[in-house]
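Line by line, the protein sequences are chains A and B. Here the working numbering is used: position 41 in the first sequence is 41, and no number is missing along the way. Basically the working numbering = 1-based index in the second sequence + 416.
Rather than coming from a laboratory, the hints here were simulated on the basis of the structure. Nothing here was measured: the structure is a model prediction, and the numbers come from that model. Take these hints with a grain of salt, some might be off.
Derived pair list, reagent style DSS-like, types lysine-lysine, alpha-carbon separation capped at 27 Å [what the hints assert, rightly or not]: (1) B:Lys804 to A:Lys289; (2) B:Lys773 to B:Lys804; (3) B:Lys804 to A:Lys58.
Take a look at the letters that make up each chain.
Number of protein chains: 2
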Amino acid sequence: MKTALLLTGNEIMSGDIVDSNSAEMAQMLFEIGLSIDTKVTVGDDSHALMHYIAQLSKEHQLLIINGGLGPTQDDLTAEVLARVAGVDLVEHPTARSHLEDWCERRGVELSKANLKQAILPAGCHIIPNDRGSAVGFEINLNGCRVMTTPGVPSELRLMMRHHILPTLDGDLSICFDKLQCFGLGESRIQQMIHDQMPDWPSDIDLGFRAGMPLLEVKLRSSGNPDLHAATLARLRELLGDHVICSGSGNLAATLIELLSENGQTVTTAESCTGGRIASDLTAIAGASKVFNAGFVTYSNDMKCDLLSVNPATLAQYGAVSEQTVLEMAEGALARSGAHWGVAVSGIAGPEGGSDDKPVGTVWIAWGRRHQLKSRRLRIRMERTMFQKMVSAISLDLLRRDLLEVHEAPSYFGRYL
Amino acid sequence: MKTALLLTGNEIMSGDIVDSNSAEMAQMLFEIGLSIDTKVTVGDDSHALMHYIAQLSKEHQLLIINGGLGPTQDDLTAEVLARVAGVDLVEHPTARSHLEDWCERRGVELSKANLKQAILPAGCHIIPNDRGSAVGFEINLNGCRVMTTPGVPSELRLMMRHHILPTLDGDLSICFDKLQCFGLGESRIQQMIHDQMPDWPSDIDLGFRAGMPLLEVKLRSSGNPDLHAATLARLRELLGDHVICSGSGNLAATLIELLSENGQTVTTAESCTGGRIASDLTAIAGASKVFNAGFVTYSNDMKCDLLSVNPATLAQYGAVSEQTVLEMAEGALARSGAHWGVAVSGIAGPEGGSDDKPVGTVWIAWGRRHQLKSRRLRIRMERTMFQKMVSAISLDLLRRDLLEVHEAPSYFGRYL
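Go ahead and model the full structure; you've got the sequences and the hints to work with.
This is the structure:
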């Protein structure tokens with residue numbers, strides 16, 4: 001099914017907002033075997049909308065229009081579609097009762113502006129909006145299914161998932177899986193597959209989505225669930241301890257799950273990351289089960305005062321040293337009583353580097369009380385990316401210990 | 417100058433990356449008085465590229481193409497443009513010497529794949545790339561200036577700023593200013609202008625870009641710098657203490673600047689934000705001048721142990737209470753010796769709410785030792801947005817105290 005996307009909105013054209021809707025729609029369509037081949041974005045301009053609706057509907061079998069369904073004068077989608085289709089705009093009873101319910105739930109009156117959202121092209125088919133006031137609708141133009149969707153991301157997501165994807169002639173025998181990986185890049189994974197899975201089945205699509213810090217590896221195939229499952233299992237084995245989880249998820253959530261299963265807790269002692277590790281952990285609901293306290297000790301005095309780092313250690317080795325992070329970690333473990341701890345001290349930059357300890361240098365200590373490991377790494381990234389990556393590595397090192405992975409992670413070699 | 421954008425790349429069409437380049441280009445063009453009226457995105461598909469290059473160059477005076485300049489077979493921009501223009505692909509000496517320099521700086525050999533980036537349409541004009549291997553180039557098609565640019569955001573940014581914008585027939589007399597605001601929404605600001613600046617000059621454009629937590633207010637005008645400056649000054653006064661800074665910047669950077677000027681320090685005692693406030697502060701280079709220590713006390717025991725909160729206070733009033741945050745802030749100030757402190761305790765959700773203290777409830781205490789203020793707010797946002805907003809409010813309350821703003825911020829009324 002040849003598919004196009006038409007986005008409308010002055011705020012997208014001006015760059016005042018970044019369009020993330022189309023990426024999300026593309027990913028949802030991918031899961032049922034469809035792909036978008038053309039995407040056009042125009043402002044709230046009826047001439048441009050008419051032009052591209054006519055053109056794209058002639059060249060495609062499916063056209064999804066996003067935006068322009070709101071109550072204001074700028075919202076032109078319904079009006080323009082009626083004109084292109086040569087039908088009248090009429091009040092649609094289903095849309096009106098949806099609006100009435102929506103207003104009632106909010107305890108507000110149905111205004112004339114809102115009512116505009118029920119005035120739709122005659123004969124269109126309503127697409128429910130489970131969250132917002134603007135329903136979507138579908139009409140047929142030049143043999144093309146034209147569907148309209150709201151610009152609000154949370155409304156769009158629900159409408160796509162529950163009311164659009166199930167009606168599309170996607171491939172029902174599709175298999176789709178995602179693995180979240182840390183510590184391997186796309187080209188490295190492709191090389192590993194090339195070398196160790198040379199018989200990769202040609203009808204299983206492999207895709208990548210580079211997040212930071214995770215890389216999402218995607219597998220899609222059709223009509224052969226057994227082969228799909230077997231390939232996924234082999235890939236999972238190949239990627240080994242670099243796989244953080246299946247589906248969605250992240251390092252912090254995975255670590256919290258492992259700790260919860262063991263009934264254990266973790267603490268953090270942070271210098272260069274300044275609270276980022278604690279913040280990444282506590283962004284996950286349920287963190288309170290495994291996390292009681294974190295220490296942000298930015299100055300040397302506070303490393304001594306709060307974490308009992310020996311001033312002589314700081315004087316002799318400096319704040320960015322193996323000895324200091326080991327004492328920070330022991331101090332945090334002792335103060336908090338946590339089972340596991342991680343401490344980091346480094347130079348986030350852009351200032352503060354030296355020949356011995358250039359910007360990007362970081363010492364990490366992690367593990368259990370009196371059984372700590374430590375490692376020096378150099379991460380050449382801009383300050384906030386450096387902090388994000390050091391946090392990710394800290395969480396990953398704890399994850400590996402909890403899983404009793406004994407080899408050093410392969411990314412140690414990359415950050416020298 | 418009627419302007420279009422054509423983006424190419426399978427990774428954008430698949431949704432594996434979100435296109436932020438086009439928003440950035442639109443904002444840069446806005447500053448010189450230009451706007452994009454059509455944006456088309458296609459995959460690495462020569463047929464689709466040819467089709468849209470031909471169409472958009474006929475309908476516009478400027479067409480910027482982004483992506484497809486790399487060394488791989490997928491990168492089709494030069495080849496397709498040569499075909500549409502009916503010229504040969506030839507090696508371009510300027511592009512070749514750029515590639516040679518680029519390889520030499522990296523200590524790598526110029527490969528055949530890389531050399532592809534010097535094979536460009538005959539007669540094209542080179543646009544320098546100050547960072548990456550792929551130069552851009554310009555040709556004239558159907559009277560339209562067609563410019564090609566690299567997909568890598570950092571390369572694109574430099575090329576736009578230094579080599580494209582200065583060549584465009586933008587408005588040279590344009591004035592452009594930005595104010596970063598916190599605590600006022602777009603509609604509220606529009607209402608304030610409507611009520612209190614009814615004589616707003618019609619030739620000064622007002623724009624908004626909703627960040628989270630800041631709202632960027634943009635002023636653009638042409639040919640009347642005095643009127644522009646006067647209007648900016650009046651707007652700044654109208655927005656008053658809601659203006660965080662001019663240009664770019666954020667709450668943490670502004671607070672750090674104020675503290676640095678005074679030679680003062682700040683500390684944080686965080687429960688529900690779990691380190692987010694400390695992390696926001698230390699994301700800014702130079703934070704170490706004003707920040708020595710932060711405390712993440714997630715459990716009740718740690719509030720007592722690290723911050724000397726009285727267990728009786730917790731037993732009587734609970735962790736989310738005025739009494740507790742006041743004791744947390746006093747404890748953090750005493751332990752760290754900082755001049756200023758902020759403490760937060762709340763229910764980030766989605767679990768943990770009660771009738772008395774529903775999800776989103778947060779108590780904040782802030783100020784100087786023995787002179788703390790406190791406030792209860794209710795912020796109805798999803799967990800990570802809640803944490804981000806509580807951090808922003810905490811930084812803003814300290815900023816207001818440092819500026820000796822005595823009225824309560826207007827957003828207190830919104831978060832009841």
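Review point. Going straight from one Cα to the other, do B:Lys804 and A:Lys289 come out at no more than 27 Å?
Key: holds (21 Å)
Check your understanding: CA of B:Lys804 to CA of A:Lys58, is that 27 Å or under?
Key -> This hinted pair is violated, its Cα atoms lying about 46 Å apart.
Review point. Are the Cα atoms of B:Lys773 and B:Lys804 separated by 27 Å or less?
Key: holds (20 Å)
Violated hint for the displayed structure: number 3, the only one.
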